[in-house]
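Visitor: Sequence:
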Amino acid sequence: MFSSRPTVAHIKDHFLPKSETFIYQLLQAHRRYRPIVLDRFPQQNQAIFPFEAHFSAARHGRAASLLERVALRTVGHSPWLERQIRAEEVRLLHAHFGQLGALWVPVAKRLGLPLITSFYGIDLSVFATAPGWQRRFATLWQQGSLFVALGPTMAQRLVQLGAPAARTVELPLIVDMARFNARPRRPRSEGPTILLTVGRLIPKKGIDILLRALAALQEQHGFELWIAGDGPQRAALEQLGATLGLTARLRFLGWQRPDEVVARMAESDLFVLPSRTDPQTGESEGTPTVLVEAQACGLPVISTIHADIPSIVADGDAGLLVPEGQVEALRDALDRLLSQPARWATMGAAGRAYVERRHSPQAVGAQLEQLYDRALR
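Under the working numbering, the residues of the sequence shown are numbered 1 to 377, in order.
Wrong hints could be hidden among the right ones.
Straight-line alpha carbon distances no greater than 20 Å define the calculated EDC-like cross-link-like pairs of lysine to aspartate or glutamate that follow [stated by the list, open to error]: (1) K18 <-> E52; (2) K109 <-> E283; (3) K18 <-> E260; (4) K109 <-> E89; (5) K109 <-> E88; (6) K18 <-> D230; (7) K18 <-> E283; (8) K18 <-> D176; (9) K109 <-> E82; (10) K18 <-> D259.
No lab work stands behind these hints: they were computed from the structure.
Take these sequences, add in the hints, and give me the full structure.
Guide: What follows is the structure, encoded as structure tokens:
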């Protein structure tokens, strides 16, 4: 039925949260393989992420979705989704996030299909070592076909946790370069320098660190900080901004559609993302998509030496990286770039060139399908 292009089933619990544009970009990059999506819940954000080949147990009601969830977790069986796998003549499974890879090992084994698992950060920093998950991940390391990391730090962590080095590979995030028109950044003839940060307002994004760093620069520089995103920390961050005397310099934009994020990047002068490990949960980043997108837009970036960020930002060339969680170091980096606008255009061009080489749909899509070829051999 689908012999012209082998079918790969992408396994997700929810398709698709607003923050997971990187998975949607991956689906769009298939050429020699036919992608479908399997999950247990109703499709989310369909207007943002339209995708027809989506099969959800939730189409048969809440009871069916609950049955799939319970059966998968208790006996490693997903009755309705397994029927879809057979009906769609799926050749291999690609699970997104380690938790789903771990849960789908019995299904892959029963169906005789290769199982590729992509990791994104929280699955390694939180779930892989959690008491209720360690045994499941141990089985995944034994029986999974390939383990896909976003960069070298994550790949090293996978091996430390038990993934065989010979089956651990790196695959960068995809950024659709056609969505971004890079322009050289130069000092504004009037008005403040626009700093932009994008992301969920949660501890690992380090926005509180950013506000404290900027508070120390109010007398030296004219700037505004645009914060695109929403989340549980919003009220606390607004209050912190007021306490630090920054309210007039802050614009909380709320959640932005992908096209709106592109527009905000086009309007900005510098991009800042001071990611860190969540001090309470231990959650960390992988390679934040917005850092790659900002460089695609020609923005100089300031970020942290955290997770695999050093693998996607060339420190000193495309931007500046500082130790995570350190207000003073971030303040100094901000001061340097705000004081040296002559560097902005060169940094932006370097970042754009790097992203074009490494993160284009053509480059990453070809690498992805080579991994599928390998898993099927």
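Visitor: Now look at each hint and say whether the structure bears it out.
Guide: Tested hints:
1. About 18 Å separates the Cα atoms of K18 and E52, which keeps this hinted pair within 20 Å; it holds.
2. About 30 Å separates the Cα atoms of K109 and E283, which puts this hinted pair outside 20 Å; it is violated.
3. Distance check on the hinted pair: K18 and E260 sit about 13 Å apart at the alpha-carbon level, within 20 Å; holds.
4. Taking the CA atoms of K109 and E89, the gap is near 16 Å; set against the 20 Å cutoff, the hint holds.
5. Distance hint between K109 and E88 is fulfilled; the C-alpha atoms sit about 18 Å from each other, no more than 20 Å.
6. At most 20 Å may separate the alpha-carbon atoms for a hinted pair to count; K18 and D230 meet this at roughly 11 Å.
7. Under the criterion of a C-alpha separation no larger than 20 Å, the hint pairing K18 with E283 is consistent with the structure, at around 19 Å.
8. Note on K18 and D176: the hinted pairing holds, with a Cα-Cα distance of about 17 Å set against a maximum of 20 Å.
9. Under the criterion of a C-alpha separation no larger than 20 Å, the hint pairing K109 with E82 is consistent with the structure, at around 12 Å.
10. Proposed proximity of K18 and D259 is supported: the alpha carbons are some 12 Å apart, at most 20 Å.
Violation of the numbered hints given earlier is confined to hint 2; every other hint is satisfied by the structure.
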